[in-house]
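As they're listed, the protein sequences go chains A and B.
Numbering of the first sequence is given in my numbering, commencing with residue 292 and proceeding in unit increments.
Numbering of the second sequence is given in my numbering, commencing with residue 1453 and proceeding in unit increments.
Careful: at least some of the hints might be erroneous.
Label-pair restraints from in silico Cβ distances [unchecked claim]: (1) B:1665 x A:496: 24 to 30 Å; (2) A:467 x B:1729: 40 to 46 Å; (3) A:428 x B:1729: 38 to 44 Å; (4) B:1753 x A:535: 55 to 61 Å; (5) B:1589 x A:508: 17 to 23 Å; (6) B:1485 x A:427: 32 to 38 Å; (7) A:368 x B:1570: 23 to 29 Å; (8) A:566 x B:1485: 27 to 33 Å; (9) A:508 x B:1587: 46 to 52 Å; (10) A:422 x B:1571: 46 to 52 Å; (11) A:355 x B:1749: 51 to 57 Å.
These are computed hints drawn from the structure, not numbers from a lab.
Glycine residues also receive a C-beta, built at the ideal position from the N, C-alpha and C atoms.
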Amino acid sequence: MRKSCGHYPVTRNIIISDSIIQLTFKADDISRSTVPGQFIQIRVSDNFIPLWPRPFSIYDVDTRKGEISIIFKVAGYGTGLLAGKKEGDTIQILGPLGNGFPIPSNDGGMVMAAGGTGMPPLFLLSKFAIENGVPSSSITFISGARTRTELFEPVELTELETDLNVCTDDGSAGEKGTVVDMLEKILENKSGFTIYACGPVGMLKKIDRLLLEKNIPGFLSLEELMPCGYGICSGCAVKVLPSPDRGETDDNRDYHLKRVCVEGPVFESGEVMWE
Amino acid sequence: MSVNLSIDINGLKFKNPVLTASGCFAYGEEASEVFDLSLLGGVVTKSLTYLPREGHPPPKVHETACGMLNAIGLSNVGIDLFLSEKLPFLAKYDTTCVVSIAGSKIDEYARLAERLAEEGDVDALEVNISCPNVDEGGLEFGAYPKPAGKVIVAVKNKFSRPVIAKLSPNVTDIVGIARSVVDSGAESISLINTLVGTAIDIKTRSFNLSNGFGGLSGPAIKPVALAMVYKVANAVDVPVIGLGGITTASDAIEFLLAGARAVQVGTACFFDPLAPVRIIDGISDYLKQNNFKDVNEIIGIVD
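Can you build the whole structure from these sequences, using the hints too?
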């Protein structure tokens, strides 16, 4: 699949909360070819600090305007630089990258489990699912964070009219508890669902275990730092179970490696060997 | 005015002097989704071992100031899958195909060279001698002149087309090793491979890389690479290919002026996928602006 690489202009910079920013870019070609769960690599500085581009899940696409957006938390030097980008600034973007989520048809109940910065790809997946005929009422959306100011809660998410469940670890917004607590509660009463999860690795690991215990299908989107983002460096690889028909290898490892940037970032539940 | 960008390395022709470096371009498939590989002077594949390798466990990379550390651990598809799937893909493009080989025993290099000699689409081999020599206690083949030369002899016995020896900078006398590989029959030398380095996480008080040590690459190593290329180019009679931190056309031109007949772009392909293409255009512009008709005119002319 063709990937676009170039300098794209920023069209909007919206401050969602203290440290959460939404950036929109004019990128016709990327907006037309994106599927939910895919990401872009943004080179935040044309100098060499930081050296690597930073990966961001695509939050929203507007094919009519030819725009794509990301939402991110200012977490360090790179995201700090990015937060300072204004309308008209141009920035190097490569994308769309990665496999993305399988697009659900209209038969499914879907549960989205979004932890903090994991919300954006699940928003886009919900939006695509609804456009594909999935009733918004059949989508349960859990959005959680440690505390209220870290919640990714843009107005577009509310406007989707999914069954939205907000939670925070400290109870400062929504119910008190983690995304995993919330998911467990929801799974007690419902079945026949597919789970889509994105968030911190600790959360994904717990959700993966829960799904395997309960024999529920699910897809997990992983986040890794990536030197390239398009498969040439293998730096972002994660361990997965080797296939039983793997032949003889030179180094006899008990794992196989898959690149998060190409074979991921979305993995099926049960696939990843967690550390 | 058009300028000539083509170069010749002991009979091996490149349409321009810009190649992609081993391990920084996989086998070309992914990059072909970003630009036309036929624009490149050449492609050097990821190093192949005879059997496939998974490589080191994560974390395998770490970002540093103007550079990065990697400990990928030679993960590669192995010779069989390379010949059945990867080489036919690369052969579709009008670019010179250099296959990088690696091994833990001299015999492994020889077996790889023998298989690759049967393939007309392989224009040359680049021999990665920065691998632990299992027969001699795990010391790198490339660390001393004698074992480095032995690997080249074994490869040359099986492969009659050009062989490029890729040198490690982690040695006390790189010129001595360069002379040894040339005496052993290498038609060209490429340098430098990565510099050994490490990083420590002060919170967990453990190494950032699962392997502990890794190889430093990126803009940070360019001055070291440039000095070594200059020294080696002035000491041997074979053409030298320069690499190490090349990110812009200006970097590449420095290497040509220092005596490299061609350059390889490595880590820059990660953070700037179009870097090789821009470097080709930039070299051409430089030649025109300075009234040179041929890239060969500027090779090694630094005062």
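Hints that the structure is at odds with (numbers, increasing):
2, 3, 5 and 7
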